Amino acid sequence: MRAMVYRGPYKIRVEDKDVPRIEHPNDAIVRVTLAAICGSDLHLYHGMMPDTRIGHTFGHEFIGVVDQVGPSVQNLSVGDRVMVPFNVYCGSCFFCARGLYSNCHNVNPNATAVGGIYGYSHTTGGYDGGQAEYVRVPFADVGPQRIPEWMDDEDAVLLTDALSTGYFGAQLGDIHEGDVVVVLGAGPVGLFAARSAWLMGAGRVIVVDHLDYRLEKARTFAYAETVNFAEHDDLIVLLKKMTDHLGADVVIDAVGAEADGNLMQHVTSAKLKLQGGSPVALNWAIDSVRKGGTVSVMGAYGPLFSAVKFGDAMNKGLTLRMNQAPVKRQWPRLFEHIRNGYLKPSDIVTHRIPLEHIAEGYHMFSAKLDGCIKTLVVPDAA
Amino acid sequence: MAYTSEKPPLPESIDQLRARIPGWGADLDPADRPSVPRERLDLDTGAHWDFPDRQPELVPRERSIEHAFLTPVFGTAQPLRGLPGVVRAHAYERYSEARAAHWLLLVLADRLDAIEHHATSLLTPRPDNPITQTGVLSEVRRHGLSSRTEGHRADRVHQPLDPVLVGGPWLLAAAGGVVAAALVGRAVRALRS
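From first to last, the protein sequence lines are chains A and V. Numbering follows our numbering, with no gaps: position 54 of the first sequence is 54. Numbering follows our numbering, with no gaps: position 30 of the second sequence is 412.
None of these hints come from the bench; they were simulated from the model.
With the Cβ distance kept under 7 Å, some of the chain V side facing chain A (calculated, not the full set):
(1) Ala408
(2) Leu410
(3) His499
(4) Arg524
Derived lysine-lysine pairs resembling DSS-like cross-links, with alpha carbons at most 25 Å apart:
(5) A:Lys241 <-> V:Lys389
(6) A:Lys368 <-> A:Lys344
(7) V:Lys389 <-> A:Lys316
(8) A:Lys291 <-> A:Lys241
Bear in mind that the values here come from a model prediction, so they are computed numbers and not experimental data. Heads up, the beta-carbon is just placed ideally off N, CA and C, and yes, glycines get one too.
Starting from the given sequences, assemble the full structure and let the hints guide the process.
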């Protein structure tokens with residue numbers, strides 16, 4: 001089969017690889033029909049995630065058709081059209097039993113601090129991902145779900161991570177009616193978090209980024225006020241002025257490890273890999289939220305330390321909430337919202353590229369060229 | 383203005399928001415959201431086991447020493463091999479996830495892995511190609527210059543670092559090769575004379 005493979009920082013190519021095989025009785029092999037490049041894939045691509053091995057296939061956002069099933073699989077059949085959450089999880093451990101699917105204890109031998117994720121290095125379990133023609137899907141009776149007949153493929157693939165993560169991030173903000181919500185980052189997760197904040201009754205949503213084309217999308221797709229932080233000397237003073245000098249009730253970090261806005265923080269983390277991630281957005285969240293407010297962290301960071309302004313978080317009495325999204329818990333409600341016309345996830349898709357061109361897709365996304373917000377990848381066998 | 387107990391007024395009323403934003407307030411009740419409460423025991427996950435069957439360990443599989451045992455299911459992509467594999471195995475066997483040494487050794491192994499594969503690719507029919515693999519041709523096809531120059535992008539200041547990070551090691555390796563070849567040549571000439 002053809003698959004994207006990592007060849008070192010900033011370098012990928014498409015190679016022939018063996019079709020994955022059933023390795024556990026509850027495995028399925030899925031023929032990928034549509035995948036996506038996630039902003040967090042860029043952390044791998046830039047060499048920021050420890051134990052990203054040469055030859056690894058990225059991709060944790062994908063849908064496809066069941067090609068093979070293991071002998072204990074009961075809920076899926078060959079030929080089923082399925083969407084697969086980015087979480088690999090068993091459904092039965094202490095954490096899964098409590099709904100913390102992203103924190104599964106039975107699927108990632110490499111680390112206890114994070115669960116299993118498709119195509120996201122050995123630090124999340126060493127599973128090849130879905131930017132390929134075929135992918136191994138463990139626990140086929142737990143994670144994958146048949147795609148409803150009425151749902152578009154592009155909406156389905158965005159439910160496997162980006163939309164579910166943005167919606168989950170808004171929930172972690174514990175938004176109440178009339179709250180002022182600031183969303184840092186106008187990428188896919190930020191756009192979805194901003195849109196979700198309205199569903200939860202926000203009274204005002206302000207999206208911050210430095211890319212004008214993304215802020216335009218925040219205005220038209222997420223109905224948000226926008227701020228380009230690169231146009232202002234001090235973002236925090238501006239946000240304080242915009243919020244009557246109290247600060248926002250809720251701030252959502254939808255940026256993560258490669259945040260811009262402070263050259264030293266960005267270069268020491270994203271370029272020199274001396275920090276687990278650039279904490280610019282996290283520090284801005286701590287600085288711009290009101291005392292007693294809530295910071296929701298959806299941005300992904302590496303496992304190494306970062307220079308976070310923790311003292312201010314303590315002094316302000318903040319609630320800091322975060323996790324990788326337990327995707328499948330979000331789906332029934334999100335299906336309703338899509339069906340009701342409240343959300344149209346595929347409106348954020350800007351590019352659709354064949355798998356063979358994925359190296360250019362990564363560069364375009366990484367360098368933010370051509371108005372790129374969300375890129376979908378179509379495998380040859382789709 | 384003064385700092386009082388009042389919540390500052392919103393620019394739009396709730397009725398205006400409801401009219402303007404599709405689905406505004408559909409999840410208004412904080413108790414009726416899919417991830418509330420955070421932990422709940424009444425979810426049907428689809429699992430029909432108390433503990434999953436164990437996936438066969440066909441080759442020795444590294445694991446965090448914070449785990450009691452090898453997890454019943456694990457990824458089998460890119461097993462440990464070569465010098466990077468030795469470094470990775472040491473990181474897993476010796477240091478917990480709490481130790482910086484664990485992660486720094488894994489990052490070191492990643493760089494060794496890349497160097498080893500770049501070098502060995504030169505001996506294969508398909509050597510690494512920095513032009514196609516970096517996707518840099520999309521600079522032409524995807525409006526690189528105009529994309530980078532319009533607006534107030536904050537990343538413009540560090541964009542020149544990327545070519546250095548990507549191309550620097552190749553140039554250093556090439557320079558090292560030239561120097562090594564010159565030294566070998568000089569040694570050979572010295573031996574002959």
